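Residue numbers (this note's numbering), protein chains in the order written: chain A, 1 to 335; chain B, 1001 to 1234; chain C, 2001 to 2290.
Everything labelled a hint here was simulated from the structure, so no lab data went into it.
Just so we're clear, the structure is a prediction, and the values are computed from it rather than from any experiment.
C-beta: ideal position from N, C-alpha, C; glycine also.
Errors might be hidden in some of the hints.
Said to hold, decoys possible - Okay, the calculated bits of chain C under chain A, using three or more residues with CB under 8 Å as the criterion:
{"no.": "1", "segment": "2038–2051"}
{"no.": "2", "segment": "2095–2106"}
{"no.": "3", "segment": "2254–2268"}
Unchecked claim - Under 10 Å between C-beta atoms, here's a sample of chain A residues computed to sit facing chain C:
{"no.": "4", "residue": "Gly-126"}
{"no.": "5", "residue": "Val-133"}
{"no.": "6", "residue": "Thr-157"}
{"no.": "7", "residue": "Asp-160"}
{"no.": "8", "residue": "Gly-288"}
{"no.": "9", "residue": "Ser-289"}
{"no.": "10", "residue": "Met-292"}
{"no.": "11", "residue": "Ile-293"}
{"no.": "12", "residue": "Ala-297"}
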Amino acid sequence: MSTTNFTVIRATRTSQVAAVVMLALVAIGASAPFWAGSDITMTLVEFFYFLALAQMWNLLAGYGGLISIGQQAFVGIGAYSLVALAIFGGINPFIAVFVSGAVAGLVAWPSSKLLFRLQGPYFAIGSWVLAEVFRLLLANYSALGGGSGISITESVTDMDSWWRESLTYWLSLVIGVGSVVAVYALLRSKQGLALTAVRDSEAASESLGVSVWKIKMSVYIVAAIGTGIIGALIFLTKLRVSPDAAFSIEWSALIIFIVIIGGVGTIEGPLIGTLIYFVLRNFLADFGSWYMILLGAIAILTMLFMRQGIWGWVANKFDLHLFPVQRRIQLENKE
Amino acid sequence: MSVLLKTNGVCSHYGDFQALFGIDFEISEGEVVSVIGANGAGKSTFLRSLVGLNKVSPEMVVFQDEKIGGLPPYEIVKKGIALVPEGRRLFPSLTVEENLMMGGNPGRKGDWNLRRIYDLFPILEERRNNPGTALSGGQQQMVAIGRALMSNPRLLLCDEISLGLAPLVIRDIYASMPKILASGTAVIVVEQDIGQATRIANRVYCFQEGRVSLSGRSAELTREQISEAYFGSH
Amino acid sequence: MINLIDTLIQGILLGGVYALFATGLSLSFGIMRFVNIAHGDFIVAGAYAALALIGLFPMYPITTLIVVVPALAFIGYWAQRLIYNRLLGRDIMPPLLMTFGLSIILQNLMLEIFSGDSKRLDAGDLVSSSIQVTEDLYIGLFPLGVFLLSIALLAGLQFFFAKTATGRALRATSDDKEMVQLMAINSNRIFAIAMAIASATVAIAGVALGMSKAFDPLLGPPQLIYAFEAVIIGGLGSLWGTLAGGMILGIAQAIGFRFDPGWGLLFGHLAFFGVLLFRPQGLFPKTRDR
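Same shape as in the complex, but just chain A (with noise of 0.2 Å):
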């Protein structure tokens, strides 16, 4: 009898393409402020913090199971960080967009021990509970601003304007091509792979020796660090916070609507879907509630009859793979 040799594989030819192409297009962005106007840097860096939110809330919800329309805390916690350490730590705004996910990920661990006492659907409105809460603590801590806000101009105003935007927009890069690589290196890593296992089977996971508590603990808190990173680079971009912009439900919504368009569990999904909601925002941006409208209906009808999203749909049509986290094993005989 002939033994069977294998080795496994990952690399596709079209994912060797496309990891070509995306580098191209990584380094022609990191070059805009040199040739783009404002308004373009600002539109990309929207969508950067766009698609790294969407990123996240798909690792948690498409790869971790958690279904969380409570995001937003993390995106509120980010951003009052971010005031709290520029304003009364006087640490430089741009270094104080990372400590802000390191104190998001700080709630998160308390945070996911009271909310993983919920399950399914009443665990996404927990969440959801706990970003009001935030939201009410701070709108009634005056101190930073209370009800009305605060704004972080005065950390920024001796900044030259074309270095603060050029800065915001390599950060905004970094934060938005690096959640793309951070999530796809997790997914390729051993601790990936327990993940998709607990996706598919908890029990059977379980049995394997996998702890599927822990597993999702420590997603929903990377999920909550990068949430919170990326908090405090929106509100960075804003200039002013106050908890009804931070802890806003509408964060929550349009992440959704961009991961389950583009397609859920998958790391093109996310992608795909920021850019959709791009086009989707120009053509619509004058119809004020219409466009949100619309673009739950077309939420809603992915989830009936698409579930997989648009590029669920392209993949299993052309087994096409941008980013390949599956394993493939090559056999090879040995007569």
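Starting from the known structure of chain A, fit chains B and C onto it as the hints suggest.
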């Protein structure tokens, strides 16, 4: 005696896993037929397929000359097939009497009603207002059987009704069989206890890994034949 | 001392309101394991429906119930049969995300149709009158009425579930929706009936909301949160538990308001998290999770 139910090559899948590989089966009016086999042989899956809880193609199950494969359970029950499920599956929020009344929901005419069920299993009348699950195992089994009978079925499917019960209790439960048959109902009995199965049935089928490995009149089958069919020659 | 009693009474009466909001949620989850994130928005929609009706045919707000309740029940029945039933299954994502999307859509739709201005269902003197209990203690007539209404509603539902065939079928469905099919029950239809009942309570809650305070299209989410907290505090699966949960929530909020208006809601949330921490199954849980 006319054929009541006939199956043609019933196949059943749980996702990618195939549980049944073409079961041919037949039962006539007034008969008792046993289905025996080891755990995982597909006996419960087969019963579930008959009653519509597992999906099959229309022509695979023919009941009273009608193709019923693929129909939803709530329609099959109205046509006259009732299941006493594995593990009894009583409704915990309902009392004994309410469980029985649920069984009468299909609204089929016949001999069975609350009064006759209580005559069949007198202990249930004493416990009629207790929650369904506050009874002993044997009593719960009686409720499960009574609930199925309340729909006045022409065919009663019993899935491992002796499981977990003491021998005396099992004897009492099977003692009710003649009365059930007397009302014109045919019975398919899925059993792990081979002795019980052959005693009570006219004919026996043996399942092994999703296939029929043996079938015949219980009086004519030998222990060796059954043993081999049950355990196989692996 | 009188302050304490007054606060307690306010809290208890508020509990009646929350129980009213929560009943639909409790039913829907108990029977179908289905949580409608748009629940609060449907309550607000009920208030707007009443408003629109009054705009067409001037009437007392209470009279609108005659139209609004059957209308919402009808919509709920068909929404469940045609749309929600398709989403039910082992995966929790589709119903959750779909109703979340529905929530956003409803809010924005109401914004477009009715604008963001606060509206009120004018109930005249009813809302501001109170009855005098003792020399210093007054109880608002309307809150008392709503409280009694919610008790009546809960009692009515309990009776329905205990004594009618449909009620029995609903209880059996919440126990074991597979077995119940063997009792000739079409789960599609029974779920739709459950949703119709839940929607009817939502309509009542909406009119009560509209009469008790100024409402706007974005008021839905807080109602969902109060309803949800009442259900969790009280324990899943028990209607009277939901009333108890609502009262505890109401009392916590009332106490919070006493200290500082900004703290009312916060105290409620803290009470909720407290229960979650020390007795996660709630105070009077009844549902078995399969």
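Outcome of the hint check:
1. Counting residues of the segment 2038–2051 of chain C whose C-beta sits closer than 8 Å to any C-beta of chain A gives 0, which falls short of three, so the coverage hint is violated.
2. Given as covered by chain A, the segment 2095–2106 of chain C passes the check, having 9 residues with a CB less than 8 Å from a CB of that chain where 3 are the minimum.
3. Only residues whose beta carbon comes within less than 8 Å of a beta carbon in chain A count, and the segment 2254–2268 of chain C has 5; three or more means the coverage holds.
4. A cut of 10 Å between beta carbons decides the hint on Gly-126 (chain A): the least distance to chain C is about 8 Å, and the hint holds.
5. Checking Val-133 (chain A) against chain C by beta carbon gives a least distance of about 5 Å; that is within 10 Å, so the hint holds.
6. The interface hint given for Thr-157 (chain A) is violated, since its Cβ lies 32 Å from the closest Cβ of chain C, which is over the 10 Å cut-off.
7. At its closest, the beta carbon of Asp-160 (chain A) sits 40 Å from a beta carbon of chain C; the interface hint therefore is violated under the 10 Å criterion.
8. For the restraint placing Gly-288 (chain A) at the interface with chain C, the shortest Cβ-Cβ distance is roughly 7 Å, inside the 10 Å limit, so the hint holds.
9. Checking Ser-289 (chain A) against chain C: minimum C-beta separation of about 4 Å stays under 10 Å; hint holds.
10. A least Cβ separation of about 5 Å between Met-292 (chain A) and chain C falls short of the 10 Å threshold, and the interface hint therefore holds.
11. Interface hint status for Ile-293 (chain A): upheld, as the beta-carbon distance to the closest one in chain C is roughly 5 Å, under 10 Å.
12. A distance limit of 10 Å between C-beta atoms decides the matter here; for Ala-297 (chain A) the minimum to chain C is near 6 Å, and the interface restraint holds.
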